[in-house]
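Here the structure of chain A is known, so what remains is to put chains B, C and D in place on it, guided by the hints.
Number of protein chains: 4
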Amino acid sequence: MLKNTSHSIIKFSEVDSLHVVWHGHYVRYFEDGREAFGKQFGLGYLDVYAHGLAVPLVDLQVSFKRILEYGDTAIIETTFIDSPAAKLMFNYHILSEKHGYVACTGKTTQVFMNPHKKELFITMPPFMEDWKTKWLKNK
Amino acid sequence: MLKNTSHSIIKFSEVDSLHVVWHGHYVRYFEDGREAFGKQFGLGYLDVYAHGLAVPLVDLQVSFKRILEYGDTAIIETTFIDSPAAKLMFNYHILSEKHGYVACTGKTTQVFMNPHKKELFITMPPFMEDWKTKWLKNK
Amino acid sequence: MLKNTSHSIIKFSEVDSLHVVWHGHYVRYFEDGREAFGKQFGLGYLDVYAHGLAVPLVDLQVSFKRILEYGDTAIIETTFIDSPAAKLMFNYHILSEKHGYVACTGKTTQVFMNPHKKELFITMPPFMEDWKTKWLKNK
Amino acid sequence: MLKNTSHSIIKFSEVDSLHVVWHGHYVRYFEDGREAFGKQFGLGYLDVYAHGLAVPLVDLQVSFKRILEYGDTAIIETTFIDSPAAKLMFNYHILSEKHGYVACTGKTTQVFMNPHKKELFITMPPFMEDWKTKWLKNK
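Chains as they are written, first to last, in the numbering used here: chain A, 262 to 400; chain B, 262 to 400; chain C, 262 to 400; chain D, 262 to 400.
If we strip away everything but chain A, and leave its shape as in the complex, we get (with noise of 0.2 Å):
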């Protein structure tokens, strides 16, 4: 299970007139986690730009279950979905640093796409199979 924890200090322009982190915040959140992620595996936008590829969102998913309040910091908990689609998907756990508990979980769903001639991949693209090779199926 490839996981990547990264964090984000609450900025005072995320939180709401409640004194909470304004829920759409947590979607950015889920792209620094992605991009976490990408990082430390070698799948970030950059790396997949590289192979022609753009991963566009076509399902998101966020269950909001507790705040975090500014002065926290949200620990984000990145992990890859493995599965045979020709997508990419990863679950995310959102936790308070102050507190321990998870404030919000979620789940996004990408695709490949060619950029240019705007076509969607129907199998897994060679570069994400390698990727598989190299990450999962040594493992």
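What the hints contain is simulated information worked out from the structure, not anything from laboratory work.
A portion of the hints provided could be inaccurate.
Some chain B residues flagged as far from chain D (calculated, every beta-carbon gap over 12 Å) [unchecked claim]:
{"hint": "1", "residue": "Gly-285"}
{"hint": "2", "residue": "Gly-299"}
{"hint": "3", "residue": "Tyr-310"}
{"hint": "4", "residue": "His-360"}
Short derived list, chain D residues pointing at chain B, Cβ under 8 Å [as the list claims (entries may be wrong)]:
{"hint": "5", "residue": "Phe-273"}
{"hint": "6", "residue": "Ser-274"}
{"hint": "7", "residue": "Val-276"}
{"hint": "8", "residue": "Asp-277"}
{"hint": "9", "residue": "Ser-278"}
{"hint": "10", "residue": "His-280"}
{"hint": "11", "residue": "Gly-285"}
{"hint": "12", "residue": "Tyr-306"}
{"hint": "13", "residue": "Tyr-331"}
Even glycine gets a Cβ: it sits at the ideal position worked out from N, Cα and C.
Chains B, C and D only, in chain A's frame:
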């Protein structure tokens, strides 16, 4: 079926390096839609506040279907989902004004909370019962 | 004097924990104002692009005078500053619709750039000369 | 001279369709810098709040010099400007980690306010005098 339709001109700052609206901005479009719905039907944040309630999001689902580009306008259709549960639920359809297609669909679920006591309502608060009688029962 | 007036309803996500619009959002209001000006007078990003130009900001000045709150609407007045320099300059006045007062004033300076060659224009580009002749000289 | 240096990885969502950081995000980098400064020197929003004060921005100046791109990290240098006036002022230098150049400079001015009485301080509040004595006078 209670539905509000609002419009949001795509801003330069909402478009990412792939020349399409960044996925996280759709979450704000949903909130824009809820606020426009609330203004039309007396169910805005300030109306809810006036009754001593907050309505935090507990669930968010987004399905991205087509792209929105700079120069286009998002048409946001926000539909109230009637339910006996003590929840506030909306469906969203976001359309491209230029192309006519559905770019995105989604659903949000909010709960009723006393912001000071931090207590959730297990049953529908009286304010919301009255609102439903006014807008739904008499139809 | 060329001036555009546009309106932006204050969004819940723009209000911070002090219950006022977070200062960073005014920069986007300025861009909203420029875009509305561009739409009215044929000087939008896409018009400028069509002539092979980009107009990046090089200077921004903002003076915050009064607050804007949720439930209010920002009235954005964007005024073209005529100058012989190879620059695009605007003044901004942001007013509270509810209170009538000026909440914020500001000024932006943009330069003309060939986005591919990354070259700055030292003199006014022909497209801009034509635009000024059309909108300013004949007045 | 009190100075804090912090780092912010450029996020995909911060980059616009010209493949550079959108100018409005620099305002948040400045706030990130102020928060990192506040954490280092005991002058964060929460420290200031604990003394019954808010410190709203009244002036913002930004000079954009070079671009920042995805894959780079912004180095944010935040320097306290000492002054007898009842104001809180900072200078900013934002550098590209990859290129070493200065991408942006700026300055912010904040005032001291009693958030409940909505009164401005004409003279330096005692809390701030003590802070200056601790961090500046003894140096």
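**Prompt:** Are there hints from earlier that the structure breaks, and if so, what are their numbers?
**Reply:** As far as the earlier hints go, 1 and 12 are violated by this structure, in ascending order.
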